[in-house]
Structure formats: structure tokens, C-alpha cells
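Please model the entire structure based on the sequences and the hints provided.
Counting in my numbering, the sequence shown runs from 1 upward without gaps.
Keep in mind that the hints are not guaranteed to be accurate.
Stated by the list, open to error - The list that follows gives simulated cross-link-like pairs (lysine-lysine, DSS-like), each with its CA atoms no further than 30 Å apart:
1. K367 / K183
2. K306 / K334
3. K334 / K452
4. K183 / K339
By construction, these hints were calculated from the structure, which means they are not laboratory data.
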Amino acid sequence: MFTFLLIGNSNVGKTSFFNRLTKTNLAIDNKINNFTYDFNYGIFAYKNKYSICIDTLNIYNMNILKKNKCQCIKKNCICKNFIYIIKNINIVCLLIDYNVGINKNDVFLSKFFLKVLKKKIVLLINKIDLCHDNDFNSYNYRYLGIDLIYPISVLNGKGISYFLDDVFFQKKILFENQNSFYKKIICFCINLDKYNFILKKIFNKLYCINYIKIVILGKPNVGKSTFINFIVGNYRSIVSSKSGTTKDFITCFTNINNINYIISDSPGLNKFTEKFYFKDKYFILKKIFEFKIIFYLVDINIGLTKYDLIILNFFLKYGKIIVLIFNKCELYSKLDLIKYKRYIISKYNFISYLDVYFISLFNLKNKELLVLFKKLIYNYKNIFSNKFTSCRLTKFLKKSINKFYGVNKKIVKLKYAHIGGYYPFTIVIHGKKNYLLNSSYKKYLMNFYIKKLNFKGCKIFLKFKEI
1 MFTFLLIGNS
11 NVGKTSFFNR
21 LTKTNLAIDN
31 KINNFTYDFN
41 YGIFAYKNKY
51 SICIDTLNIY
61 NMNILKKNKC
71 QCIKKNCICK
81 NFIYIIKNIN
91 IVCLLIDYNV
101 GINKNDVFLS
111 KFFLKVLKKK
121 IVLLINKIDL
131 CHDNDFNSYN
141 YRYLGIDLIY
151 PISVLNGKGI
161 SYFLDDVFFQ
171 KKILFENQNS
181 FYKKIICFCI
191 NLDKYNFILK
201 KIFNKLYCIN
211 YIKIVILGKP
221 NVGKSTFINF
231 IVGNYRSIVS
241 SKSGTTKDFI
251 TCFTNINNIN
261 YIISDSPGLN
271 KFTEKFYFKD
281 KYFILKKIFE
291 FKIIFYLVDI
301 NIGLTKYDLI
311 ILNFFLKYGK
321 IIVLIFNKCE
331 LYSKLDLIKY
341 KRYIISKYNF
351 ISYLDVYFIS
361 LFNLKNKELL
371 VLFKKLIYNY
381 KNIFSNKFTS
391 CRLTKFLKKS
401 INKFYGVNKK
411 IVKLKYAHIG
421 GYYPFTIVIH
431 GKKNYLLNSS
441 YKKYLMNFYI
451 KKLNFKGCKI
461 FLKFKEI
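Below you can see the structure in the form of C-alpha cells.
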């Protein structure tokens with residue numbers, strides 16, 4: 001196993017090449033300049049050989065870092081990640097647009113990696129769709145000092161197999177095993193679920209158990225990136241005061257109390273981001289539905305807006321487990337937070353179904369984070385455990401009101417219940433004349449089951465069948 005590092009100018013095709021190798025669409029491809037800010041990691045396989053591919057930010061941003069000497073926190077995060085990656089990578093892939101040609105940035109990078117860092121570079125000339133084989137001449141690119149030059153087309157997959165065959169099988173480049181680097185980098189890979197067997201070779205057996213998937217949602221500048229960096233203990237996601245810096249679903253792998261989590265940071269939910277950044281309107285929804293648990297962050301100084309309430313109601317209807325977290329609570333006392341929680345529940349009834357927490361990422365400690373995850377695991381095990389037998393559910397049904405008088409004083413009898421599904425959690429109730437039940441009585445039954453089964457964070461769906 002070895003690592004590829006993709007570098008190049010903006011709109012060269014780094015993210016599309018990354019998505020093609022890893023066979024995913026999680027790295028967002030866009031024509032906007034300087035769109036990618038975060039580092040994306042992914043595992044790809046080629047003829048039973050595995051390697052790691054790393055997508056980087058634009059060269060223009062790296063030159064800004066060099067001039068300003070990393071005075072900003074955001075720039076420090078980029079520099080630390082970039083320097084750590086450069087020390088441990090095996091091969092650098094410099095992508096150039098065939099229609100644009102070579103720029104000053106390409107010459108700077110080739111000299112920087114070859115002479116200063118003494119790394120091996122492969123030159124990939126992209127977008128040769130309309131170019132004939134006779135028109136292409138590799139001698140025009142020889143003055144960069146790179147020996148291995150490959151014309152490719154990421155859109156049609158042209159020339160990629162020749163490049164991978166030379167790297168993997170003909171062994172024109174020698175690679176070194178760096179297990180300590182792989183242990184840290186594989187944790188951040190996007191498509192980690194498909195390649196669980198690689199973890200068995202590198203990690204202990206504890207890391208090869210089932211995963212719990214969590215996604216962090218919220219508006220821009222709420223604290224999603226700082227929250228995921230605090231959980232991982234690394235500069236995984238770039239933090240900035242500007243809104244909209246996180247544009248991809250950035251995943252990472254953690255182990256807390258011998259339980260595995262795949263946590264992903266998401267772009268800030270806003271009407272502007274949905275229309276402007278993504279070609280598909282339902283791109284964000286498709287990615288969110290892959291996760292079972294949602295951490296929804298809200299700035300307590302702004303409060304819950306109409307857009308937040310619409311999103312929370314939408315995911316509750318589909319049976320998602322939601323943990324509502326209010327951030328930036330350092331200036332509020334415990335009594336104020338208790339009063340605020342009561343006020344929210346009285347104003348919006350559906351928040352009583354959610355887990356509500358108040359934190360301050362500025363003063364957050366590891367103990368508080370462990371308590372939050374312990375409560376989350378307890379609720380998660382209650383929801384997805386197999387303890388809910390039909391006998392237990394029918395006992396709770398008999399404890400509730402057994403008779404309901406419908407139209408013309410007709411009696412509705414509910415006899416027994418059983419589980420219809422765990423995700424979303426549904427209970428099927430059998431009885432006579434169920435069509436006469438009111439919506440208020442159905443809500444009463446749902447709330448009764450939630451109290452008896454100690455459910456928090458999700459709704460219970462009821463289905464009624466005639467005997």
C-alpha cells in the first residue's frame with residue numbers, strides 16, 4: 001500500500017480524478033475557483049492492489065500561505081496538514097490542463113517537490129478528449145524535469161489504466177512502507193466502509209467491529225468543524241470565521257470507549273448553498289440519509305430559526321435519531337439553560353422527542369464529551385436492541401386505555417402488538433375497528449410507548465391492522 005497526492009491549479013480535475021479512483025461522489029466537483037479547502041482521503045483498488053489517494057486544496061491558497069507566513073488559524077491548520085502529508089507520501093501527481101498549458105505555479109511546484117523535498121513526481125496531462133494521438137507531444141513538458149508523463153482524460157477514463165499499470169506492476173517507482181502514517185490517514189478515508197479488511201492488517205481487533213454513523217448538521221458558523229476536530233483530536237476540518245468554507249462531507253474514524261464511530265462534517269445548511277454549490281438539489285439529502293444519527297448544532301445566541309425547525313421536523317418524520325446541541329453557552333448559567341429548555345419544549349412540542357444538550361466548545365472538556373457519547377450509546381442500544389418482544393409490547397398496550405368509543409358509540413378493541421421494524425422504529429397494533437381511532441388517541445399511544453420504553457431522540461411510528 002502507498003499514497004498518491006494530487007496537486008495542481010484550479011479547475012484542472014483533481015476532485016473528479018479523486019472521485020473516479022475511489023468510485024465515490026463525496027468530493028464535490030465544481031467549476032468555481034478555489035472551491036476545495038479541505039483535504040479528502042480515500043482508498044481505491046486496482047487489480048487487487050490497494051492504495052490511498054489524497055485530494056488537496058488549490059495551489060493559489062498554498063502560495064497565499066507562503067506569503068503571509070501562516071498568521072491565521074485557518075492557514076496554520078492547512079500548513080500542519082500539508083507538511084505532515086508531504087513528509088510521508090510516496091508519489092506526487094501533478095495535474096495540468098492540456099488546453100491551458102503550463103503556468104508559473106506548475107513550474108514552482110515541480111522545482112519545490114523535486115529539488116527541495118526530493119519527491120518523485122508524475123505529470124498527468126488532463127482533458128485530452130478532443131486531442132488526437134499524433135497531436136500530443138510529450139517533449140513540450142520535458143523542461144519541468146519530470147520523466148514520467150501520461151496523457152489522460154478523467155471524463156472518459158482514457159489513459160488512466162496505462163498510468164496505474166506502470167505504477168503498480170512495472171514498478172517504475174519504489175515505495176516504502178509507513179505503517180504509522182497509514183494508521184492516522186486511513187481513519188479519515190471517505191470510503192472506509194468498503195475496505196474494512198484493510199483495518200485488520202493495520203489496526204487492532206477492536207477497530208474491526210461494527211460502526212455507528214453520525215453526521216453533524218447545522219447552519220454556517222455554528223461550530224461543526226471545531227466540534228469534529230475536538231472529537232478526533234486533530235485538524236481534520238478547517239476552521240474559519242467565513243461562512244461556507246466546508247463544502248464537502250468530511251469523514252473521520254474514532255474509537256471512544258471501545259465503540260467505533262464514523263463521524264462526518266457537512267456543509268452549512270442554507271438555501272444559498274443548496275442552489276449554488278450543488279448541481280443536484282437533493283445531493284445533501286441523499287448523503288444525510290446514509291447516516292443513522294444526526295448531531296444538529298445551533299448557536300444559542302441566535303436560537304432556533306424557521307429553517308432549523310423545518311429540517312428537524314423533516315428528519316423526525318423519517319425516523320432519524322436526532323441530538324440537538326446548543327453551542328456557545330459559556331455566558332449562560334445552568335438555571336438559564338434549564339429555563340430556556342422548558343421554554344423551547346412548551347413552544348415546540350416535537351422537541352420533547354429529541355435529546356437536548358448545552359455545550360461550549362470554547363470550554364469543552366473530554367469528560368463532558370464522554371458523558372454525551374455514553375448517553376447516546378444508551379439510547380441507541382435501547383432503540384436497536386432486540387428486547388422488545390410482542391409480550392412486552394402487549395402489556396404496555398393493556399396498561400393504556402383498552403377501550404375507545406368511536407362513531408355511534410362503537411367500541412374499538414386493541415388486542416396485541418409487535419415490532420414492524422427497527423429503522424424507523426415501528427410498532428404494529430392489531431385490533432377491531434381501528435379506522436374509528438382519532439389522531440389524538442394515536443398520539444397518546446405513541447407518547448405512552450415512548451415513556452415506557454425510555455426512548456429519546458426519535459419518534460415511534462404506529463401501524464394499525466384489522467383482525
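These are the hints, each one checked on the structure:
no., hint, in the structure
1, K367 / K183, "25 Å, holds"
2, K306 / K334, "26 Å, holds"
3, K334 / K452, "28 Å, holds"
4, K183 / K339, "45 Å, violated"
The structure does not agree with numbered hint 4 stated previously, though it agrees with all others.
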